[in-house]
Amino acid sequence: MKRAHIKIVLRTIGMVFLVVAPLAAQLKSPDDVKRGLTLLVQVSNDFKRQIGAKNFQRIPHEYMEYMEAADALRSTIKDEPSAFKAKVETRLKAAVAAYQTVSDMSSKMPDVDKLMAEHAKAVTAMNALFDLFPTDLRPDPNLPPPGRGGRRGGN
Amino acid sequence: MTRRTLLLGCISMPFAWLGCSSKPTPGQQVVDLSIASDGDLLVFKPDALTCPSGARVHLTFHHEGKFLSARHDWVLTYPDKLAALSQQLLDSCGDFAKNDPRIIAVTPLADKGGIVTTDFIAPAPGDYPFLCSTHPEDMRGVLHVTE
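Chains A and B are the protein sequences, given in the same order.
The opening residue of the first sequence carries number 1 in this note's numbering; numbering runs sequentially from there.
The opening residue of the second sequence carries number 1001 in this note's numbering; numbering runs sequentially from there.
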């Protein structure tokens, strides 16, 4: 009886791995997905730079670009299973909403410290989105994309 | 405006145009360089170019982005001017004076999918940095000017 229980538990665990693992690990276009995620980080970093430079009038444009980057990511997963796309869409919408808050604040309350704090919340929302993807595809939100001839550096 | 003035203007215009267009002098090397953005990423592809000093360079920049509405260009500057120019571009959202002496050559801004060009005489031998005026911290590269 005990042996039967163990078999059931092992089968259940195996089934879970079979169903969940491919969602993340076997994306149809991993390189495109990686690029889509990198674009989100790229625009997020630009948000931060514009806040730091007090270019508040530029921030709504950054928000527009964030929405464009979100569309880019959507296009990279269009052939993935519906369940996965639904999960991504939920967290992507949350991230976009968080960056919209930063954008809205920039015109109403152009305060660098408050905007930076709100931007940090947006990055957290973006990280929650990244958690849905395999680790090797996730860009580090604390690093800018590889510019300057491939050089990487902190903010 | 008299008819004579108009006629003279029409006749002299092609000559004036020929005089202004800076054709390479005999013996001057002409070099075509091509560079692009890496899709929508803030990266020049390639990030290093080479040409001989004194050559007449025709550079083509292709903005290969597909999604983001960010505009890019290609700006060549001097090694010792890079830091100050980059900071100014960052502070001014990419604005700069057309006759800024720190700039050796610059293309117009390109929208996604756009192709822009610039012509210039390659400066003295050395390594000259180039960047994008709207993303001066990320989009950078080096033009190697040889003897």
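Hints may contain errors.
Computed cross-link-like contacts, DSSO-like style, restricted to lysine-lysine with a CA-CA straight-line distance of at most 27 Å [unchecked claim]:
id: 1; chain 1: A; residue 1: K85; chain 2: B; residue 2: K1066
id: 2; chain 1: B; residue 1: K1112; chain 2: A; residue 2: K28
id: 3; chain 1: B; residue 1: K1066; chain 2: A; residue 2: K28
id: 4; chain 1: A; residue 1: K34; chain 2: B; residue 2: K1112
id: 5; chain 1: B; residue 1: K1066; chain 2: A; residue 2: K48
id: 6; chain 1: A; residue 1: K93; chain 2: B; residue 2: K1045
No lab work stands behind these hints: they were computed from the structure.
(request) Measure nothing beyond the straight line between the CA atoms of K1112/B and K28/A; if it is 27 Å or shorter, mark the hint as holding. (result) Given that 27 Å is the threshold and the Cα spacing comes to 26 Å, the pair holds.
(request) Decide if the proposed pair is consistent with the structure: K93/A and K1045/B, CA atoms, cutoff 27 Å inclusive. (result) violated, 32 Å
(message) Please verify whether K1066/B and K28/A have alpha carbons no more than 27 Å apart.
(response) holds, 20 Å
(request) Compare the distance between the alpha carbons of K34/A and K1112/B with 27 Å, and conclude whether the hinted pair is satisfied. (result) holds, 20 Å
(message) Given the hinted pair K85/A and K1066/B, is their Cα-Cα distance within 27 Å?
(response) holds, 22 Å
(request) Mind checking the alpha carbons of K1066/B and K48/A for me, to see if they're no more than 27 Å apart? (result) holds, 23 Å
Comparing the model with each numbered hint stated earlier shows that hint 6 is the single one that does not hold.
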